[in-house]
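**Student:** Start from the sequences, fold in the hints, and give me the full structure.
First to last, the sequence lines map onto chains E, C, Z and W.
Quick note on numbering: the first sequence equals residues 1 to 145 in the working numbering.
Quick note on numbering: the second sequence equals residues 1 to 145 in the working numbering.
Quick note on numbering: the third sequence equals residues 1 to 81 in the working numbering.
Quick note on numbering: the fourth sequence equals residues 1 to 81 in the working numbering.
Wrong hints could be hidden among the right ones.
Pulled a few chain E residues facing chain C out of the computed Cβ check, cut under 10 Å [what the hints assert, rightly or not]:
(1) Gly12
(2) Phe104
(3) Ile111
(4) Glu112
(5) Ser141
Keep in mind the hints are simulated off the structure, nothing from the lab.
For glycine and all other residues, C-beta sits at the position ideal for the given N, C-alpha and C.
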Amino acid sequence: MFRIVEVPIDVGALVSGAFRPDCGAVATFVGTTRVDEGAGAEVEYLEYEAYRPMADRKLEQIGAEIEERWDVGHVSIVHRLGRVDPGEPSVVIVVASPRRGPAFEASRYAIERIKEIVPIWKREIWSDGYVWVGSQVGTRSTPAG
Amino acid sequence: MFRIVEVPIDVGALVSGAFRPDCGAVATFVGTTRVDEGAGAEVEYLEYEAYRPMADRKLEQIGAEIEERWDVGHVSIVHRLGRVDPGEPSVVIVVASPRRGPAFEASRYAIERIKEIVPIWKREIWSDGYVWVGSQVGTRSTPAG
Amino acid sequence: MEQVKVLLFGAAADQAGVREAEFTANGVTLDELWSMLTLKYPALSPMRGTLAFAVNGEYAKGEETVRAGDEVAVLPPVSGG
Amino acid sequence: MEQVKVLLFGAAADQAGVREAEFTANGVTLDELWSMLTLKYPALSPMRGTLAFAVNGEYAKGEETVRAGDEVAVLPPVSGG
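**Tutor:** See the structure below:
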């Protein structure tokens with residue numbers, strides 16, 4: 001199940017939804033908004049945007065890549081758009097596999113691939129302006145902060 | 001939070017409980033009962049027992065080892081005892097870290113260490129008898145099944 | 001119709017000041033389209049080295065040909081997760 | 001009291017047919033206690049190579065001394081997770 005949503009992600013339901021009698025291991029990765037601090041300011045929240053439906057298809061592509069490479073029984077990836085407050089999940093990846101090695105490897109692979117190929121962008125909204133992560137373009141006077 | 005319980009584990013609450021504004025990554029591992037099949041029989045459920053309070057202390061020791069080795073903001077390990085049906089969680093590990101590398105590594109480390117040092121044992125209850133995992137002692141006529 | 005639709009995202013939309021533009025073009029390369037784009041939005045120029053492009057929702061190189069009716073996307077370094 | 005309490009778990013409890021035993025001993029090694037245990041429960045003998053021991057809740061080697069009042073645990077290969 002691969003989905004881009006604009007509402008909070010129900011992490012518990014996603015994890016439980018991966019439990020299967022033919023799998024002994026479920027590895028989950030949750031990316032959450034971290035409050036960085038620097039130059040007398042701090043990150044207030046993140047704001048995500050996506051190029052859809054390309055982003056949806058790229059999530060599905062990652063799922064297909066995982067199923068080619070590892071013995072997995074279930075893969076879910078849900079990414080949130082819009083404002084994500086500190087400590088809230090922006091992305092949830094759940095992989096179930098008969099054995100733990102593939103579950104760990106595939107969940108790690110998924111987040112690395114998301115950061116490589118899925119057209120989603122985040123801005124850090126600081127108390128003194130914003131900055132596009134990765135581009136270092138924005139309105140902060142000290143964007144390196 | 002390190003706990004050994006005899007009731008179903010609320011995985012969603014454990015994961016959400018790890019979200020913190022100073023951490024950007026939460027890696028979770030859930031071990032679930034897998035139904036093996038062999039020799040015309042199948043695993044009906046697992047049954048876990050522990051040497052307590054030594055097992056509780058060893059879970060805490062693993063948490064301390066993780067905090068020595070990695071920059072983590074939160075570590076929870078909950079292990080269930082008694083009967084665990086197919087697809088149900090027997091162990092849940094949740095690690096939050098500022099960055100994803102340490103979160104993945106520490107959650108993997110935790111499950112490997114549990115399988116090394118925590119005095120907990122499981123029996124596979126098959127349709128034709130049981131077998132203690134790791135000892136291959138039991139009542140099945142074909143315990144290798 | 002001879003129009004190519006260009007979508008801009010993230011920092012690229014910021015620099016251009018628009019999220020969408022249309023160009024009259026057919027059979028040009030992405031690189032040629034980029035020249036048309038920067039003529040109209042010069043602030044985009046310095047970003048070239050960091051950008052990727054998609055044609056009709058799939059990544060494409062600068063030498064790829066764009067036809068009328070195509071949707072081209074200007075993609076800054078992705079930062080999901 | 002001069003008693004050492006021995007707890008058996010998993011496959012070891014199965015083989016011995018008991019989960020708990022008491023021995024009159026003080027200042028013996030774990031190896032010596034093991035001899036007393038297998039004299040009483042001979043079915044345990046073949047498991048020796050797979051077992052670990054704990055004294056008062058911490059892993060201990062065969063040469064470790066056991067005193068009256070100690071709790072000794074006979075631990076088959078752990079299989080949690």
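**Student:** Taking the hints in turn, state whether each one holds.
**Tutor:** Okay, the hints, checked on the actual structure:
1. Gly12: Holds - the Cβ of Gly12 of chain E comes within 10 Å of chain C, reaching about 2 Å at its closest.
2. Phe104: holds (5 Å)
3. Ile111: holds (6 Å)
4. Glu112: Result: holds, 9 Å to nearest chain C Cβ.
5. Ser141: Constraint on Ser141 of chain E not satisfied, violated at 24 Å.
When held up to the earlier numbered hints, the structure conflicts with hint 5 and nothing else.
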